[in-house]
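Chemist: Residues per chain are reported as follows:
Protein chains: 4
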Amino acid sequence: MGSTIGNNFVVTTFGESHGKNVGAVVDGCPALLELCEGDIQPQLDRRRPGQSDLSTPRDEKDKVRIVSGVENGLTLGTPICMLVDNEDQRPGDYKEMSNVPRPSHADFTYREKYGVMAASGGGRASARETIGRVVAGAVADKVLSTKFGVSITAWVSSVQNISMPDVDVKDISRELVDRTIVRCPDVDTARLMETRIAAVRDDGDSVGGIVTCVCQGVPAGWGEPIFDKLEASLARAMLSIPATKGFEIGSGFAGTLMRGSEHNDMYVQRKYGLGTLTNNSGGVQGGISNGEPIIFRVAFKPVATISLPQNTVDYDGKPVLFEAKGRHDPCVLPRAVPIVESMAAIVLANFI
Amino acid sequence: MGSTIGNNFVVTTFGESHGKNVGAVVDGCPALLELCEGDIQPQLDRRRPGQSDLSTPRDEKDKVRIVSGVENGLTLGTPICMLVDNEDQRPGDYKEMSNVPRPSHADFTYREKYGVMAASGGGRASARETIGRVVAGAVADKVLSTKFGVSITAWVSSVQNISMPDVDVKDISRELVDRTIVRCPDVDTARLMETRIAAVRDDGDSVGGIVTCVCQGVPAGWGEPIFDKLEASLARAMLSIPATKGFEIGSGFAGTLMRGSEHNDMYVQRKYGLGTLTNNSGGVQGGISNGEPIIFRVAFKPVATISLPQNTVDYDGKPVLFEAKGRHDPCVLPRAVPIVESMAAIVLANFI
Amino acid sequence: MGSTIGNNFVVTTFGESHGKNVGAVVDGCPALLELCEGDIQPQLDRRRPGQSDLSTPRDEKDKVRIVSGVENGLTLGTPICMLVDNEDQRPGDYKEMSNVPRPSHADFTYREKYGVMAASGGGRASARETIGRVVAGAVADKVLSTKFGVSITAWVSSVQNISMPDVDVKDISRELVDRTIVRCPDVDTARLMETRIAAVRDDGDSVGGIVTCVCQGVPAGWGEPIFDKLEASLARAMLSIPATKGFEIGSGFAGTLMRGSEHNDMYVQRKYGLGTLTNNSGGVQGGISNGEPIIFRVAFKPVATISLPQNTVDYDGKPVLFEAKGRHDPCVLPRAVPIVESMAAIVLANFI
Amino acid sequence: MGSTIGNNFVVTTFGESHGKNVGAVVDGCPALLELCEGDIQPQLDRRRPGQSDLSTPRDEKDKVRIVSGVENGLTLGTPICMLVDNEDQRPGDYKEMSNVPRPSHADFTYREKYGVMAASGGGRASARETIGRVVAGAVADKVLSTKFGVSITAWVSSVQNISMPDVDVKDISRELVDRTIVRCPDVDTARLMETRIAAVRDDGDSVGGIVTCVCQGVPAGWGEPIFDKLEASLARAMLSIPATKGFEIGSGFAGTLMRGSEHNDMYVQRKYGLGTLTNNSGGVQGGISNGEPIIFRVAFKPVATISLPQNTVDYDGKPVLFEAKGRHDPCVLPRAVPIVESMAAIVLANFI
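Chains as they are written, first to last, in numbering that gives the first Met the number 0: chain A, 0 to 351; chain B, 0 to 351; chain C, 0 to 351; chain D, 0 to 351.
Calculated directly from the structure, the hints in this document are not laboratory data.
One or more of the hints may lead you astray.
Said to hold, decoys possible - Just the calculated beta-carbon pair ranges, DEER-fashion:
#, chain 1, residue 1, chain 2, residue 2, range
1, A, Val319, B, Gly216, 25 to 31 Å
2, B, Leu276, A, Pro164, 36 to 42 Å
3, D, Glu174, C, Asn310, 34 to 40 Å
4, C, Gly272, A, Phe147, 26 to 32 Å
5, C, Val186, D, Thr194, 45 to 51 Å
6, C, Asn310, B, Gly216, 48 to 54 Å
7, D, Leu175, C, Glu36, 55 to 61 Å
8, A, Gln40, D, Gly49, 35 to 41 Å
Stated by the list, open to error - In the SDA-like style, the derived pairs of lysine to any residue whose C-alpha atoms are separated by at most 25 Å in a straight line are:
#, chain 1, residue 1, chain 2, residue 2
9, D, Lys146, D, Lys270
10, D, Lys270, C, Leu320
11, D, Lys317, C, Gly220
Claimed, not checked - One side of the interface only, derived from the structure: several residues of chain B facing chain C at Cβ under 10 Å:
#, residue
12, Met0
13, Asn7
14, Pro29
Ideal Cβ placement from N, Cα and C applies to all residues, glycine included.
Model the full structure from these sequences, guided by the hints.
Modeler: See below:
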């Protein structure tokens, strides 16, 4: 009952890792927007597994089809349903683990909640679920960029303890981010990250990190106090992404180390109106956008699936030495970048 | 349009800082629950200003009245409306600042959104709004503790760079937390925090910090993937609290420094069923509670209202040296503790 | 869990027949609208019991207080909470009937659902619940009339088998409707209705009838296919009013007797754009307003509370001869008129 | 933004008359329910065009595919997406009418709302939209019948002025209803209806009528006062079906002719608990089911598309003699039967 998000730009996603299709329905997209598969495919390609030898070799074409809501290249104002096929299904991979709840996976909790054992690679708790987010996010992105000039860019700012230096968000772009396969716009840091990921992969282990995202061009006035504040909606959207453990906006946790006199953002006169000299607020005050860039960071835990053997117990409580077989990424961060952008776009499109 | 949260346990709050009443309506509370003002007042008292010389001297009795939904001490299953009077109104305090958007306050964004200047102390962006959260949260808390044995306790774990040592959550209780006025259960740390807050207050400045919260006794199976995952709902609820800048659950941002083999929580057999040896997951896997304690942390920025003069501009862009007059806390953390507990309770009660 | 309606103009009502207060919270009202109690009281007075000897002698002042969301006579864009006191409480009236579910009342179903016996006059199933609808509806009405020139007028078109002749909706107004105490704008028919109601009252019995409502000035384009079509939303709102059994829009049930060639509304050129020659559609096509007057009719059953003795059984199944004691109307239709208008306003305000 | 209904059993539909697919996503279906295409296809076949020479000759196979939410014949508790192909697309049929808003169709209102002309047979305002309702309703039906023994049966009770005699609802079944192509369980009345429909068809005209529906086995206690009362939810669902103009439950509009003493349903002791002697309430009191059969009636207007020429104007206000070309039913009632059942099932499943 939690597969729908938004009340103006309404997104419903569906699909398991090993069913016939994954996808999304977008309701509330304005009519007469130019939209075709070509607007959606690029983000899907960025999310796709198998982009480099740093990610899972599971190979999916992941081609999106728009099956409703668009006619002659224009949206109709009606629900847009988008489908992606699941082609490379190997349920066999997961058969033998079926009596062991994989550590830090959702097998146990899904069984507790639904009474269904994850017979097929995590079901709805699989990363493949995020395809629905990305196709819907691409539509939101198109609306935001076309109608408001909003641009959303995310990047990998940390992998484990390797962090990139501060960056001027004005310089950032998806093109810049995509220059490195790890999607860190600082090339030197990117090299270190790649080396770390490769080393961890060779160890049969995994790493996490942090994705930073900036939304530029959002006009002042978006967000609905008090429960649908902009930062609250972003936090919910980000923490709904698999493997996330934290969210911070503007100064975030580091801001708790400052005094008010350091933290407060002074107003200054800009060409277009009032702006702020610093942006510790992260573009949001009182839950409403203030016209400054919206900047937030999302923590991703290390991937739960590792090749290393793990001492755990099966559903009957019997100790087992568990060794995962399925395909998996040593680090999801590079592929998480378009997912974070997509969820940000879905949140913002709902406040238009 | 964002004053309602939840779809099963539905909370709607209302009230400005200087209107006649603040309060909340709770719809979806089970019938036949024992409930009276005495169940709600204690949390309200913990939130109340003027509890010590570390907080604002604004004096409000803040007595709650239940005006519907309860008869003869029992809930009816119908909406419970609770009211608190605003007694100590001094709109005069705020008059002179009306042409200056207070730095890092919501004056500017509210004016951009609603076209209304904050003539009266922040309106709905005032901390007084949180009364509605606390009275509704107290009802949720009663439901959770009575029907499920769930207990929720929050405390101040950091003030600026003063942090308390790790604590065994099993030992924590509201009584323990309330032993110090700063609501830090470690007495030695509490003393340091109090000294810091007093010093900052004397400087006319402010500080922020971190509130940690643990929810114990939550059964496995709560949470609604994929957009209403338990952690997503908690993140949204916490980031909707005024002055919050970050949320993390379980290992949080620190978890990004670990490898998967360190981070994964191994299953173990417990008396009541499966548990986990570590709790980096923070009690949630795949968006669903796993029966372990739910632990999360919330970052609060330093209070925006400070007595120190600030170089900013007015709405016309003219430079001004702004000096705040109104009453304010040098640190909201101690009073934020019951608010964090209340929002956690509201979120959990919605998943029952 | 069903006390909130709307997602843009969001209304939450609360209050039992015999608690301290009844009222409503309106979230989503635009800021800077002139609003005071004087805008709300008139509709409340039209709903009030004791207006004539045709209605219940229960005497309530029913004075509304706005306690939030309005400052200096202007709305703030924040939730507007409105309260009405319950002054004339006589729970004693209802004590003795407590082991008998009153026929065609909600005593039995409330007990089945909530496990609570209706100890006090129907609780939330009492007509007093409708006060929340009326105060919220008055706010919606103000928004609609001020910002869009929309006018909504309802009247009693039938009492039992006494029906008024067709009327040109352009001539209708609340003033005209209020010329007769039975709120039928045709004076001759009104006299017959009054005589019938008085006769039925003297018999200790009750009657029902039909309220017709017209909404004029609604621009083309309101309504959200496919589940929130305008007529679907109106139908839901009307059938949520106590004692209603039917809803029809435009030609309604009588339209089923016509052929398509008679029923279709031909387009004609009007000064302001396209209109229709006839209005069998009732102002709505495909769930969206077409600019013509929106006309619908609501069936109210005869009041369930009658003085005549009734052969029924108690909760244990034991036959009893039940005689109602409480105060009651022989016909709710005249007082239902502002309630129908209010719900129509709430529905329309949500589509702005 | 109105393509989703329900908050527990959540249905989202999508698809235009001439896009690639129509379908629905059902979120909130319990896990471990046996479900396959064979459970859904029968209702789809009953809705299908071309069942007899009384309906449109448009030929669609209308085969449903379940593409998510089901594995090995069992539901997973995750969203169930169902697709039906649009095979027989002839947009050419509609080209020439593009500058004329078809009388009593949604062409004009869709253009006013979305700015898009109905280039393709009504778009989302086409009867083909109802496929999404039927496939979702079939899932709801399976849940209700399997888990609660609820049975829902609708039938054509009137075509224009031809009405069938009263029927004992206990005797009714879908098998009985399907004995006649017009779906009227009284064979003699059915013959008259068929003759009438054939005559009207030959005239190039159309007729409407009434569908009656009974839901049996619904336990007492379903429905959520005050805005999500059972009858309010049914009314909304029914009035969201294309071509509907009215809804009545129990005694309905006829009940307004009775006195309270005739209309009240006396309680009687039944084997399983309290029942009522009569059922003027239609199985609902105070918005909550009382355990008696839920009976309601839905008015369908005569089909707007007729072959007879119509004197109307085009979008520029120029008079035209409009003659429809597309394919159409002279009477939608027989095909509306499964749609009414489906919407009833969707409403009831949401209250489980």
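Chemist: Determine for every hint whether it applies to the structure shown.
Modeler: Here is how each hint holds up against the structure:
In this structure the supplied range 25 to 31 Å holds for valine 319 of chain A paired with glycine 216 of chain B, their Cβ-Cβ distance being about 29 Å. The hint said 36 to 42 Å for the Cβ distance between leucine 276 of chain B and proline 164 of chain A, and at roughly 37 Å that hint holds. A beta carbon spacing of about 38 Å between glutamate 174 of chain D and asparagine 310 of chain C agrees with the range 34 to 40 Å that was offered as a hint. Distance hint check: the CB atoms of glycine 272 of chain C and phenylalanine 147 of chain A are about 30 Å apart, consistent with the given range 26 to 32 Å.
Checking the proposed 45 to 51 Å range against valine 186 of chain C and threonine 194 of chain D shows it holds: the Cβ atoms sit about 47 Å from each other. Evaluation of the 48 to 54 Å hint for asparagine 310 of chain C and glycine 216 of chain B yields a pass: the beta carbon distance comes to about 51 Å. Between leucine 175 of chain D and glutamate 36 of chain C the beta carbon distance is about 59 Å. The supplied range of 55 to 61 Å therefore holds. The given range of 35 to 41 Å is respected by glutamine 40 of chain A and glycine 49 of chain D, whose C-beta atoms sit roughly 37 Å from each other.
The suggested pairing of lysine 146 of chain D with lysine 270 of chain D holds, with an alpha-carbon distance near 21 Å, which does not exceed 25 Å. Of the pairs offered as hints, the one joining lysine 270 of chain D and leucine 320 of chain C holds, with about 21 Å between alpha carbons and a cut-off of 25 Å not exceeded. The suggested pairing of lysine 317 of chain D with glycine 220 of chain C holds, with an alpha-carbon distance near 22 Å, which does not exceed 25 Å. Satisfaction of the interface hint for methionine 0 of chain B is found here, the shortest Cβ-Cβ separation to chain C being roughly 4 Å, below the 10 Å cut-off.
Checking asparagine 7 of chain B against chain C: minimum C-beta separation of about 6 Å stays under 10 Å; hint holds. Checking proline 29 of chain B against chain C: minimum C-beta separation of about 8 Å stays under 10 Å; hint holds.
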